[in-house]
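Given chain X, put chain A in place with the hints provided.
Protein chains in written order, with the working numbering: chain X, 1 to 308; chain A, 1 to 367.
What the hints contain is simulated information worked out from the structure, not anything from laboratory work.
Even for Gly, the Cβ is constructed at its ideal location relative to N, Cα and C.
Among the hints, erroneous ones may be present.
List of simulated lysine-lysine pairs, PhoX-like, C-alpha gap at most 20 Å [said to hold, decoys possible]:
1. X:215 with A:105
2. A:209 with A:30
3. A:209 with A:359
4. X:215 with A:209
5. X:302 with A:95
Covered stretches of chain A (chain X as the covering partner; in silico rule of three or more C-beta atoms under 8 Å from a C-beta of chain X) [to be verified]:
6. 71–78
7. 84–93
Some residues of chain X that are not near chain A, with every Cβ distance over 12 Å (derived) [said to hold, decoys possible]:
8. 48
9. 64
10. 95
11. 210
12. 253
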Amino acid sequence: MASVKTNTSKKKSLQHMTLQKKDALTGYMFIAPALISFIVFVMYPVIASFVISGFDWGILTAPRFIGIENYKTLFKDPIFIESLKNTFTWVILYVPVSILVSLIVALAMDMPLRGIGFFRTMFYLPVMTPMVVCALLFVWIYNKEFGVLNYILSFLNISPIGWLSDRNISLISIALMSVWKHSGYNMLILLSALQGIPESLYEAAALDGITPWRKLINIKLPLIMPSMYFVVLTSVIDAFQVFTEVFIMTKGGPGYSTHTVSYYLFANAFEYGKMGYACAMSVVMFFIILAVTLIQDRIMNKNIQYDS
Amino acid sequence: MASISLKNINKIYPGDVKAVTDFNLEIEDKEFIILVGPSGCGKSTTLRMIAGLEEISKGELYIGDRLVNDVAPKDRDIAMVFQNYALYPHMTVYKNMAFGLELRKVPKNEIKRRVTEAAKILDIEHLLERKPKALSGGQRQRVALGRAMVRNPQVFLLDEPLSNLDAKLRTAMRSEIIKLHKRLETTFVYVTHDQIEAMTMGDRIVVMKDGFIQQVDTPQNLYNYPCNLFVAGFIGAPQMNFLDAKVKVEGENIIVDFNGNFQFILSGDKAKNLKAYAGKDIIAGIRPEDIKIKNTEELSNYKTKATVEITELMGSEIYVYFECYGHKLINKTPADTIVKSDSEIEIAFDINKMHFFDKETESAICH
Numbered sequence: 001m002a003s004v005k006t007n008t009s010k011k012k013s014l015q016h017m018t019l020q021k022k023d024a025l026t027g028y029m030f031i032a033p034a035l036i037s038f039i040v041f042v043m044y045p046v047i048a049s050f051v052i053s054g055f056d057w058g059i060l061t062a063p064r065f066i067g068i069e070n071y072k073t074l075f076k077d078p079i080f081i082e083s084l085k086n087t088f089t090w091v092i093l094y095v096p097v098s099i100l101v102s103l104i105v106a107l108a109m110d111m112p113l114r115g116i117g118f119f120r121t122m123f124y125l126p127v128m129t130p131m132v133v134c135a136l137l138f139v140w141i142y143n144k145e146f147g148v149l150n151y152i153l154s155f156l157n158i159s160p161i162g163w164l165s166d167r168n169i170s171l172i173s174i175a176l177m178s179v180w181k182h183s184g185y186n187m188l189i190l191l192s193a194l195q196g197i198p199e200s201l202y203e204a205a206a207l208d209g210i211t212p213w214r215k216l217i218n219i220k221l222p223l224i225m226p227s228m229y230f231v232v233l234t235s236v237i238d239a240f241q242v243f244t245e246v247f248i249m250t251k252g253g254p255g256y257s258t259h260t261v262s263y264y265l266f267a268n269a270f271e272y273g274k275m276g277y278a279c280a281m282s283v284v285m286f287f288i289i290l291a292v293t294l295i296q297d298r299i300m301n302k303n304i305q306y307d308s
Numbered sequence: 001m002a003s004i005s006l007k008n009i010n011k012i013y014p015g016d017v018k019a020v021t022d023f024n025l026e027i028e029d030k031e032f033i034i035l036v037g038p039s040g041c042g043k044s045t046t047l048r049m050i051a052g053l054e055e056i057s058k059g060e061l062y063i064g065d066r067l068v069n070d071v072a073p074k075d076r077d078i079a080m081v082f083q084n085y086a087l088y089p090h091m092t093v094y095k096n097m098a099f100g101l102e103l104r105k106v107p108k109n110e111i112k113r114r115v116t117e118a119a120k121i122l123d124i125e126h127l128l129e130r131k132p133k134a135l136s137g138g139q140r141q142r143v144a145l146g147r148a149m150v151r152n153p154q155v156f157l158l159d160e161p162l163s164n165l166d167a168k169l170r171t172a173m174r175s176e177i178i179k180l181h182k183r184l185e186t187t188f189v190y191v192t193h194d195q196i197e198a199m200t201m202g203d204r205i206v207v208m209k210d211g212f213i214q215q216v217d218t219p220q221n222l223y224n225y226p227c228n229l230f231v232a233g234f235i236g237a238p239q240m241n242f243l244d245a246k247v248k249v250e251g252e253n254i255i256v257d258f259n260g261n262f263q264f265i266l267s268g269d270k271a272k273n274l275k276a277y278a279g280k281d282i283i284a285g286i287r288p289e290d291i292k293i294k295n296t297e298e299l300s301n302y303k304t305k306a307t308v309e310i311t312e313l314m315g316s317e318i319y320v321y322f323e324c325y326g327h328k329l330i331n332k333t334p335a336d337t338i339v340k341s342d343s344e345i346e347i348a349f350d351i352n353k354m355h356f357f358d359k360e361t362e363s364a365i366c367h
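Here chain X stands alone, though its shape is the one from the complex (with noise of 0.2 Å):
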């Protein structure tokens, strides 16, 4: 009886509700799984960090609160600095490279050409092949004594370079991997927002007599900014975290000249067993990240045209 009566008293408290209620509630519902995802995979992680990064914790021994130790350290460590300064190198060179690249491939493949589905398909099959098959596939590539690229650079009577041994061009090696690995993702959003343009601009533009550079310049960039706004972020984002290509590739080396934060974060956790150092790295790169997001977003959105 009292089952009965709750099951009533439940279906009426759900009448009574206000209908605002309950399409909040529908609502809820809706991005219940995601948002529950998002917790316990993101949010908790990233409150843990910063928690953890006040400990001296070896994983397997028992926490030690220590406070701002780990970040005192942090800043006179050699290597961090010298991974700060990797990935900031990094940084610089792979975003504008790889999205001038997404950009001038989006642009060959907006053209009108027969058969353009297949050369998109090819553009974008590195994104949907794993890393780890990339990077190694390149490993050969770079090879010093056997890779592909020597050999085609020997009929140039170049000598064999060291791609990924020497430490001058180990980083750029790394970085035009990952140029080709990732391009065709950021190409597919340019692409779609190029394909957005409406065509009567275009004809509009034929009639005022515009040349192929003046509409490039005056019609499709501006247009496709709202994306090339997302586009930016993220690379950076993700730029800023580059890991398995370095992981996978050269371990950091030779010396220190690919380490980047995400390496000797990875290093520092799980290598040396260092957890609360290895955190306080990671609230390090937060707070650059969201440093560096904040002033891209200041720069970019205002100048940005969303309306079409």
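Coordinates of chain A only, in the frame set by chain X:
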């Protein structure tokens, strides 16, 4: 200012899809010509061929004395107003209007003079610093017109420029465009699917269907003397009523028989023209205002009975929908006429204004 001459223009898309077939038209200098027809009739394609946005598959196009088939759009000295206005969303109104001139390297002060002047004419001076998204549909339309005006083109091409506006604004803009044409004294080629726009704006109208020109004439002539069934049905609102009929000859009399339900004896030119159709099926057309309802006035002899289905009060007049021996007809009558739904009434046809069409070829026999 320039005339336009289209000689045997054809547009054939891949797969042998014929969009426009043997289009011949002489558009005079300063003329306001309208291309009208239902969707897919080839009117926009024709306009786009004049603009140079579509290649001409066959035929010759002259603007003035110049053959322009292979001339780039920018060198044809034309300006076009698009249905969706095609304003650059990231530019201000001023920049939108000035952009074409900048590309042509017109000096800055001259650009400013022309934009200001056009803005004044179109009453959009106060909007020059705004972006298109901050404008209403009507204002955007004016900017699109302004962008075309500043170029001082020889020919204005307008592709359904009013179809994105609401009914009230459309009526207002109609007269604005007519005034603009008078003021600019330039050749206007205007595409629309709306026969009211066509009738009210054009010096001449080109009625198209399935890529073919049906008739080219003044609005009045199109209305009074449609050359075939399609034009008769397309021009005029509500549209012309059509009734199946047969021509009979009894002695000296030429009779039009409406399925044996009622018949009229013809005289004069109409009788003469229909004599050749003795025993043949024809279609009689009568405009809604040429049917009279027995109310206060006495009817002519060309009368019959009908049942009123519904009436629509339009303000100054009423549309009466009725059935007359299986034919659904519409009548337009003054608002003070008393007609009740479901009532039986007596109607009469103004036989002088009746049109007759060959049922087989659908072309007009006489008006």
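Now the hints, each set against the structure:
Distance restraint check for residue 215 (chain X) and residue 105 (chain A): the Cα-Cα separation of roughly 16 Å lies within the 20 Å cut-off, and the hinted pair is therefore satisfied. Restraint check for residue 209 (chain A) and residue 30 (chain A): the C-alpha separation of about 26 Å exceeds 20 Å, so the hint is violated. Taken as a hint, the residue 209 (chain A) and residue 359 (chain A) pair is honoured in the structure, with Cα atoms around 18 Å apart against an allowance of 20 Å. Distance check on the hinted pair: residue 215 (chain X) and residue 209 (chain A) sit about 36 Å apart at the alpha-carbon level, beyond 20 Å; violated.
Between residue 302 (chain X) and residue 95 (chain A) the CA atoms are separated by roughly 19 Å; this keeps the pair inside 20 Å, and the hint holds. Counting residues of the segment 71–78 of chain A whose beta carbon lies closer than 8 Å to any beta carbon of chain X gives 5, which reaches the threshold of three, so the coverage claim holds. Coverage of a stretch by a chain is defined here by at least three residues with a beta carbon nearer than 8 Å to that chain's beta carbons; for the segment 84–93 of chain A and chain X the count is 5, and the condition holds. Interface exclusion of residue 48 (chain X) from chain A stands, the closest Cβ pair being 44 Å apart, more than 12 Å.
Every CB of chain A lies more than 12 Å from the CB of residue 64 (chain X), the least distance being 57 Å, so the non-interface label holds. Non-interface call for residue 95 (chain X) relative to chain A: holds, since the shortest CB-CB distance, roughly 24 Å, exceeds 12 Å. Listed as a non-interface residue, residue 210 (chain X) fails to keep its Cβ farther than 12 Å from every Cβ of chain A; the least gap is roughly 6 Å. The beta carbon of residue 253 (chain X) is kept farther than 12 Å from every beta carbon of chain A, the shortest such distance being approximately 47 Å.
The structure fails to meet hints 2, 4 and 11 from the earlier list, while all remaining hints are met.
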